[in-house]
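Protein sequences appear in the order of chains A and B.
The opening position of the first sequence corresponds to residue 1 in our numbering, with each subsequent residue numbered one higher.
The opening position of the second sequence corresponds to residue 1 in our numbering, with each subsequent residue numbered one higher.
Just so you know, the hints here were simulated from the structure itself, not pulled from any lab data.
Check the hints yourself; a few may be wrong.
[Stated by the list, open to error] Straight-line distance between alpha carbons at most 30 Å, and here's what the computed DSS-like set of lysine-lysine pairs gives: (1) A:Lys40 / B:Lys110; (2) B:Lys402 / A:Lys211; (3) A:Lys172 / A:Lys40; (4) A:Lys211 / B:Lys52; (5) A:Lys160 / B:Lys110; (6) B:Lys110 / A:Lys172; (7) A:Lys211 / B:Lys77; (8) A:Lys211 / B:Lys44; (9) A:Lys105 / B:Lys402; (10) A:Lys40 / B:Lys386; (11) A:Lys66 / A:Lys105; (12) B:Lys402 / B:Lys363; (13) A:Lys66 / A:Lys86; (14) B:Lys363 / A:Lys105; (15) B:Lys325 / B:Lys311; (16) B:Lys110 / A:Lys144; (17) B:Lys51 / A:Lys160; (18) B:Lys71 / A:Lys144; (19) B:Lys71 / A:Lys51; (20) B:Lys311 / A:Lys144.
Take a look at the letters that make up each chain.
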Amino acid sequence: MISFKLVGIFFLTIALHGAEIDFEVIRITGATTIQPILEKLAPLYTAQTSKKLQLEGGGSEAGMKKIIDRTSAIAMVVRNLTADEKNRFAYLTIGYDAVAIIYHKSRPIRNVTKKELIGIYDGTIGDWRAFGYPSSGLIVVSRKVDRGTLPIFEAYTGLKSPNHPNLPAGTKLIRSDAWEAEANINTLLWVAGLKESIGYVSYGEANRYEKMGYPIRISALDGVNPSEATIRSGIYPIRMELNFVWDKNNPKAEEFIRWLKTSALEETVRDLGFVVVKQ
Amino acid sequence: MKTKRSYWALWLPTLAFSVVIVLLFSVLYFYLHHNLNAMLETHKRSQELTKKIEKMVSSTLNGAFLGNEEKFLKTVKLSNEIEDDIVLLERKNAFDTAPLSESYEQLYKKLISAVSYTHENRIEDARDALVEVETYSDDLEKQLEKLNAYLANEEKDVEQTLFAIVLVSGLTLLSIALLNGLYLIPRWVIRPLEQFSQALQESGEKYRIVADWTYDWEYWLDEDRNLMFVSPSVERVTGYTPDEFSRNPSLLSDIIYSDDAAIWHHHKETAHLPNRPEDNAEEAEFRIVRKDGGIVYIDHICRPVYDSFGKYMGVRVANRDVTQKMEILAELREKNRLLDMLATTDGLSGLYNRRYFDEALAKEVERSKRSGMILSLIMCDIDYFKRYNDTYGHQKGDEVIKSIADILGSTFNRQIDVVARYGGEEFVIILPATPPEEAQKLAELARIGIVKLGIEHTDSKTAPCVTMSFGIASCIPDREANGSELLKQSDEALYQSKERGRNATTLIKC
Numbered sequence: 001m002i003s004f005k006l007v008g009i010f011f012l013t014i015a016l017h018g019a020e021i022d023f024e025v026i027r028i029t030g031a032t033t034i035q036p037i038l039e040k041l042a043p044l045y046t047a048q049t050s051k052k053l054q055l056e057g058g059g060s061e062a063g064m065k066k067i068i069d070r071t072s073a074i075a076m077v078v079r080n081l082t083a084d085e086k087n088r089f090a091y092l093t094i095g096y097d098a099v100a101i102i103y104h105k106s107r108p109i110r111n112v113t114k115k116e117l118i119g120i121y122d123g124t125i126g127d128w129r130a131f132g133y134p135s136s137g138l139i140v141v142s143r144k145v146d147r148g149t150l151p152i153f154e155a156y157t158g159l160k161s162p163n164h165p166n167l168p169a170g171t172k173l174i175r176s177d178a179w180e181a182e183a184n185i186n187t188l189l190w191v192a193g194l195k196e197s198i199g200y201v202s203y204g205e206a207n208r209y210e211k212m213g214y215p216i217r218i219s220a221l222d223g224v225n226p227s228e229a230t231i232r233s234g235i236y237p238i239r240m241e242l243n244f245v246w247d248k249n250n251p252k253a254e255e256f257i258r259w260l261k262t263s264a265l266e267e268t269v270r271d272l273g274f275v276v277v278k279q
Numbered sequence: 001m002k003t004k005r006s007y008w009a010l011w012l013p014t015l016a017f018s019v020v021i022v023l024l025f026s027v028l029y030f031y032l033h034h035n036l037n038a039m040l041e042t043h044k045r046s047q048e049l050t051k052k053i054e055k056m057v058s059s060t061l062n063g064a065f066l067g068n069e070e071k072f073l074k075t076v077k078l079s080n081e082i083e084d085d086i087v088l089l090e091r092k093n094a095f096d097t098a099p100l101s102e103s104y105e106q107l108y109k110k111l112i113s114a115v116s117y118t119h120e121n122r123i124e125d126a127r128d129a130l131v132e133v134e135t136y137s138d139d140l141e142k143q144l145e146k147l148n149a150y151l152a153n154e155e156k157d158v159e160q161t162l163f164a165i166v167l168v169s170g171l172t173l174l175s176i177a178l179l180n181g182l183y184l185i186p187r188w189v190i191r192p193l194e195q196f197s198q199a200l201q202e203s204g205e206k207y208r209i210v211a212d213w214t215y216d217w218e219y220w221l222d223e224d225r226n227l228m229f230v231s232p233s234v235e236r237v238t239g240y241t242p243d244e245f246s247r248n249p250s251l252l253s254d255i256i257y258s259d260d261a262a263i264w265h266h267h268k269e270t271a272h273l274p275n276r277p278e279d280n281a282e283e284a285e286f287r288i289v290r291k292d293g294g295i296v297y298i299d300h301i302c303r304p305v306y307d308s309f310g311k312y313m314g315v316r317v318a319n320r321d322v323t324q325k326m327e328i329l330a331e332l333r334e335k336n337r338l339l340d341m342l343a344t345t346d347g348l349s350g351l352y353n354r355r356y357f358d359e360a361l362a363k364e365v366e367r368s369k370r371s372g373m374i375l376s377l378i379m380c381d382i383d384y385f386k387r388y389n390d391t392y393g394h395q396k397g398d399e400v401i402k403s404i405a406d407i408l409g410s411t412f413n414r415q416i417d418v419v420a421r422y423g424g425e426e427f428v429i430i431l432p433a434t435p436p437e438e439a440q441k442l443a444e445l446a447r448i449g450i451v452k453l454g455i456e457h458t459d460s461k462t463a464p465c466v467t468m469s470f471g472i473a474s475c476i477p478d479r480e481a482n483g484s485e486l487l488k489q490s491d492e493a494l495y496q497s498k499e500r501g502r503n504a505t506t507l508i509k510c
């Protein structure tokens with residue numbers, strides 16, 4: 001067993017080092033939900049402009065921080081921007097995403113109520129038996145504190161991650177043993193790979209992974225299935241904007257956004273399972 | 001019947017018990033064997049699990065290296081399989097797989113974290129996550145080793161149990177089979193022999209009863225004429241015991257009545273010689289002398305005997321005591337003779353009677369007709385016999401008749417001559433193949449003989465004594481000259497003698 005790990009680490013290290021060698025780059029940081037959209041468009045951009053995009057995850061808030069401290073040109077933010085943010089920064093809303101509740105395809109359920117969801121996440125429901133499934137154990141997958149999806153989920157459920165600093169007393173918390181995913185892929189692979197797990201993830205990403213054949217099920221929430229129609233109309237309860245945010249005085253960013261608007265953005269957004277906002 | 005009942009009373013529970021044992025052991029064996037198979041399957045899975053986890057981790061890292069999301073599908077599927085295997089291990093064994101499951105989940109968690117960090121280009125975090133993966137994989141490795149050791153131990157236990165079951169059930173069945181055999185050999189082998197022997201004995205007894213209780217004196221000589229059997233009835237017939245016959249082979253020859261010794265020896269030498277046995281029975285009649293000196297008539301029948309394969313087995317003899325029968329027969333013969341005599345003889349004179357005469361005449365006429373020989377007939381009667389009876393009484397008359405009969409019988413004394421009393425004082429004599437002169441000569445001798453008797457007859461006109469007149473007729477009979485003609489002629493001749501003064505003989509040839 002030891003051998004594969006050493007080999008693995010060795011290859012991984014080479015791969016990561018290789019990725020750092022770059023020259024003319026536009027650094028884009030933030031929500032991994034949006035990242036695939038840019039990954040699709042990036043080769044075309046490089047071909048047309050001889051510039052390279054350096055895409056980095058880290059979550060919406062990390063993205064916001066990086067445009068403030070100018071370590072990154074553009075932030076990928078998956079949440080509704082505040083009025084203050086809208087004044088302070090330039091932004092482009094490219095579509096909507098929703099928070100999809102996902103679990104392994106082998107689970108017997110199709111729908112989760114809000115109450116059940118809260119029960120699962122606060123630890124009241126600690127077992128799949130509650131849903132009539134014989135196997136015990138329930139791995140609850142949440143998100144890291146600085147991830148854009150978490151606050152949306154927290155806002156919907158009224159629960160808070162126990163890892164927030166300075167939480168007021170009496171705050172209802174997400175169970176402390178919940179696994180905290182970094183990125184969407186993290187949640188998706190955990191849920192797909194471990195049958196006992198349940199998680200919440202970008203609807204677009206979930207949609208995309210499901211289409212690739214990952215054994216996950218996108219649950220209806222309170223009886224509403226997430227779809228372009230239910231998300232656009234707002235019937236599906238947890239919806240968030242997909243935003244690019246940048247400093248108004250950053251020409252590199254402006255230039256990229258201009259290019260982006262001319263690109264096959266809408267198709268890509270749709271292809272990746274998100275709900276398009278007409279530009 | 002008793003034997004059968006006791007057999008089943010003993011063996012039905014034993015049989016039922018052995019069936020139950022076999023069934024129980026079989027069920028147990030197959031259950032454990034099935035379990036063992038399941039264990040081996042589990043063990044195989046557990047061993048494959050290590051490989052699967054190795055494969056999953058390497059495949060995941062490969063996917064992370066390539067940055068290809070679709071590569072992780074393999075990871076996910078392998079992980080699902082690994083989870084299923086762990087669940088299966090948990091179900092099939094008492095072994096607590098919770099720590100195993102926990103270790104695996106943590107390994108997977110960290111592995112995916114590493115993937116996630118890699119995806120976000122967070123090299124240090126990915127490396128840290130991989131270090132944790134290593135820790136959990138070590139832990140998992142230990143868990144799996146423990147599981148494998150546990151499974152191997154379990155397998156060994158089950159194998160030993162299986163061996164014990166096979167051994168115990170085998171020994172049980174073997175002992176049942178042995179016991180059964182010990183019981184059944186006497187029942188199935190010895191008992192039939194006993195039954196056969198008993199049947200044989202019964203059969204022997206039956207035949208002995210048949211043989212011993214025969215009324216006749218029976219015996220059996222083998223092919224070498226040794227006495228094989230003699231029935232006890234021999235003692236009744238001979239006065240000698242069977243034992244005496246057994247000890248003395250020549251006893252039978254010794255007690256043969258001397259007059260019949262020839263018959264016996266002839267029979268013995270000719271009947272059923274051993275080298276040419278014949279099927280037909282042969283008989284002999286002889287007498288023996290009983291031990292007490294009495295004479296016994298024996299009706300002897302012997303016949304050769306053969307066994308069921310056709311082998312000659314000697315001679316079987318039945319000697320029947322027919323003494324009583326023979327005595328009755330002798331008496332009967334005598335009575336018959338007397339009856340015969342009474343039927344043909346005149347009671348007073350002792351000569352043939354009229355009935356015999358009639359038959360004899362008819363026969364002689366026929367004989368003469370065939371041979372052409374002359375036949376003579378003499379008819380005679382006592383002169384003045386009525387007067388004699390009147391003078392001397394009938395008793396004296398009867399004496400005269402007797403005396404005259406004696407004279408006639410002695411005169412006409414040839415075997416073929418027939419002298420008969422024809423009526424009261426009339427007599428007739430048939431003289432076959434006798435010429436008339438010869439007949440007359442004989443008649444004359446008789447007439448003189450009577451005169452010579454000199455029986456006083458004072459009332460006779462012929463002589464002072466009893467005299468007789470004779471009429472002789474002779475002829476060769478043919479159609480005309482038959483018996484009645486001869487009688488008629490002789491009567492005529494007698495008449496002529498009377499006419500001539502009586503005490504005379506007259507011959508008529510016809």
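Here is how each hint holds up against the structure:
With a CA separation close to 28 Å, the supplied pair lysine 40 (chain A) and lysine 110 (chain B) stays within the 30 Å bound. As the CA atoms of lysine 402 (chain B) and lysine 211 (chain A) are separated by approximately 169 Å, the hinted pair breaks the 30 Å bound. Restraint check for lysine 172 (chain A) and lysine 40 (chain A): not satisfied, since their Cα atoms lie roughly 40 Å apart, outside the 30 Å limit. This hinted pair checks out: lysine 211 (chain A) and lysine 52 (chain B) have alpha carbons roughly 25 Å apart, not beyond 30 Å.
Pair hint lysine 160 (chain A) plus lysine 110 (chain B) holds up; C-alpha atoms about 23 Å apart against a cutoff of 30 Å. A distance of roughly 27 Å separates the Cα atoms of lysine 110 (chain B) and lysine 172 (chain A); the hinted pair therefore holds under the 30 Å criterion. Note on lysine 211 (chain A) and lysine 77 (chain B): the hinted pairing holds, with a Cα-Cα distance of about 15 Å set against a maximum of 30 Å. Our distance criterion of 30 Å between C-alpha atoms is broken by lysine 211 (chain A) and lysine 44 (chain B), whose separation comes to about 34 Å.
At most 30 Å may separate the alpha-carbon atoms for a hinted pair to count; lysine 105 (chain A) and lysine 402 (chain B) exceed this at roughly 162 Å. The straight-line distance between the Cα atoms of lysine 40 (chain A) and lysine 386 (chain B) is roughly 193 Å, outside the 30 Å bound, and the hint therefore fails. Taking the CA atoms of lysine 66 (chain A) and lysine 105 (chain A), the gap is about 37 Å. The hint is violated against a cut of 30 Å. For the given pair, lysine 402 (chain B) sits about 27 Å from lysine 363 (chain B) by alpha-carbon distance, which is consistent with the 30 Å threshold.
Between lysine 66 (chain A) and lysine 86 (chain A) the CA atoms are separated by roughly 17 Å; this keeps the pair inside 30 Å, and the hint holds. Among the hinted pairs, lysine 363 (chain B) with lysine 105 (chain A) is inconsistent with the structure: their alpha-carbon atoms are about 147 Å apart, more than 30 Å. This hinted pair does not check out: lysine 325 (chain B) and lysine 311 (chain B) have alpha carbons roughly 37 Å apart, beyond 30 Å. Restraint check for lysine 110 (chain B) and lysine 144 (chain A): satisfied, since their Cα atoms lie roughly 14 Å apart, inside the 30 Å limit.
Restraint check for lysine 51 (chain B) and lysine 160 (chain A): the C-alpha separation of about 40 Å exceeds 30 Å, so the hint is violated. Distance check on the hinted pair: lysine 71 (chain B) and lysine 144 (chain A) sit about 25 Å apart at the alpha-carbon level, within 30 Å; holds. The straight-line distance between the Cα atoms of lysine 71 (chain B) and lysine 51 (chain A) is roughly 28 Å, inside the 30 Å bound, and the hint therefore holds. Between lysine 311 (chain B) and lysine 144 (chain A), the direct Cα distance comes to roughly 118 Å. Violation of the 30 Å bound is thereby established for this hinted pair.
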